[in-house]
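*Asks:* Sequence:
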Amino acid sequence: MSGLVAVGALALCAVLAVQLVVAHRERRDLERRLAAAERAAHTDPLTGLANRAGLQRSLDQQRASARPGDHVAMILLDLDGLKQTNDVYGHEFGDSVLVAVARRIHEKAGHAACAARLGGDEFVVLLGADFCSGEATRDAEALADELCAGISSTEVTAEMPIKCTASAGVAVLPVHRMHQLVTAADKAMYRVKSARAGTQRYQPLADVSDRIPRHRTALVALEGGASQEAQA
Numbered sequence: 001m002s003g004l005v006a007v008g009a010l011a012l013c014a015v016l017a018v019q020l021v022v023a024h025r026e027r028r029d030l031e032r033r034l035a036a037a038e039r040a041a042h043t044d045p046l047t048g049l050a051n052r053a054g055l056q057r058s059l060d061q062q063r064a065s066a067r068p069g070d071h072v073a074m075i076l077l078d079l080d081g082l083k084q085t086n087d088v089y090g091h092e093f094g095d096s097v098l099v100a101v102a103r104r105i106h107e108k109a110g111h112a113a114c115a116a117r118l119g120g121d122e123f124v125v126l127l128g129a130d131f132c133s134g135e136a137t138r139d140a141e142a143l144a145d146e147l148c149a150g151i152s153s154t155e156v157t158a159e160m161p162i163k164c165t166a167s168a169g170v171a172v173l174p175v176h177r178m179h180q181l182v183t184a185a186d187k188a189m190y191r192v193k194s195a196r197a198g199t200q201r202y203q204p205l206a207d208v209s210d211r212i213p214r215h216r217t218a219l220v221a222l223e224g225g226a227s228q229e230a231q232a
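Note that UniProt numbering has the sequence shown beginning at 1, numbered continuously upward.
Because the hints were derived from the structure by calculation, they are not lab data.
One or more of the hints may lead you astray.
[Unchecked claim] Derived DSS-like pairs: lysine-lysine, alpha-carbon spacing no greater than 27 angstroms straight-line: (1) Lys83 - Lys108; (2) Lys193 - Lys163; (3) Lys187 - Lys163; (4) Lys163 - Lys83.
[Claimed, not checked] Estimated spans, in silico, between C-beta atoms of each pair: (5) Glu135 - Arg103: 27 to 35 angstroms; (6) Gln19 - Glu92: 48 to 56 angstroms; (7) Gln56 - Leu10: 51 to 59 angstroms; (8) Ser152 - Ser65: 30 to 38 angstroms; (9) His24 - Ala142: 13 to 21 angstroms; (10) Ser194 - Arg103: 55 to 63 angstroms; (11) His111 - Lys83: 52 to 60 angstroms; (12) Gly69 - Arg28: 42 to 50 angstroms.
Just so we're clear, the structure is a prediction, and the values are computed from it rather than from any experiment.
Note that beta-carbon positions come from the ideal geometry of N, C-alpha and C, so glycine has one too.
Just need the whole structure built from these sequences, with the hints factored in.
*Replies:* Okay, here's the thing in structure tokens:
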């Protein structure tokens, strides 16, 4: 009788061990699926950069870790002439342009808090408080120059060479006004587009009250919506 009990106990232990192994594998599989779903929810499927949700998550992280007096910066890049490229070469080729540009942005701004595609032909680079110490505006401008130059040298395919160009707007704001970053950078970028048909230029945008030192003339947006040229 005791032998039967022992056999039964061993069989039960074996069943429990199998169930534990299966449960462990199922848990790991579930964790992988949840992680994949989380990445997909915050990633642009075409370019592999962050999407709007991913950008917002990075903004929230910057806000949570910020200290009084910290600043953050954003560079908004708008590709010039992508619609015409789509019309001439087709949307599949246009997607190839976006992928190539995203790759170049990642190469040039891999140290940024976030590089994201907002949709269409717009990309943003978020620079956190650790980057925005000292000459934040100058450094953000220099990176914007580097990004525009990198985009202009992007080759999509050797068989069909085209010239990729971009307009860039730069905004540097204190952390407590982080919610205005996208709008500020967007306004700066459109001022560039309306000022001339060209690339590799931008204007840093900030309110007069929050201006931080800069080394050249900058377009300053006032609270009331007017603008003036301010000399640093």
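*Asks:* Run every hint past the structure and note whether it holds.
*Replies:* Hint-by-hint comparison with the structure:
Simply put, Lys83 and Lys108 have alpha-carbon atoms about 25 angstroms apart, close enough for the 27 angstroms limit, and the pair holds. The suggested pairing of Lys193 with Lys163 holds, with an alpha-carbon distance near 17 angstroms, which does not exceed 27 angstroms. With a C-alpha separation of about 25 angstroms, the suggested pairing of Lys187 with Lys163 holds against the 27 angstroms cut-off. The straight-line distance between the Cα atoms of Lys163 and Lys83 is roughly 14 angstroms, inside the 27 angstroms bound, and the hint therefore holds.
As the Cβ distance of Glu135 to Arg103 is approximately 28 angstroms, the hint placing it in 27 to 35 angstroms holds. Checked against the hint of 48 to 56 angstroms, the pair Gln19 and Glu92 passes, with Cβ atoms roughly 49 angstroms apart. Range check, Gln56 to Leu10: Cβ separation about 55 angstroms, and the 51 to 59 angstroms hint holds. Between Ser152 and Ser65 the beta carbons are some 34 angstroms apart, a value that agrees with the proposed interval 30 to 38 angstroms.
Taken as a hint, the range 13 to 21 angstroms is violated for the pair His24 and Ala142, whose Cβ atoms sit roughly 51 angstroms apart. In this structure the hint that Ser194 and Arg103 lie 55 to 63 angstroms apart at CB is violated, the actual value being about 29 angstroms. The hint said 52 to 60 angstroms for the Cβ distance between His111 and Lys83, and at roughly 31 angstroms that hint is violated. In this structure the supplied range 42 to 50 angstroms holds for Gly69 paired with Arg28, their Cβ-Cβ distance being about 44 angstroms.
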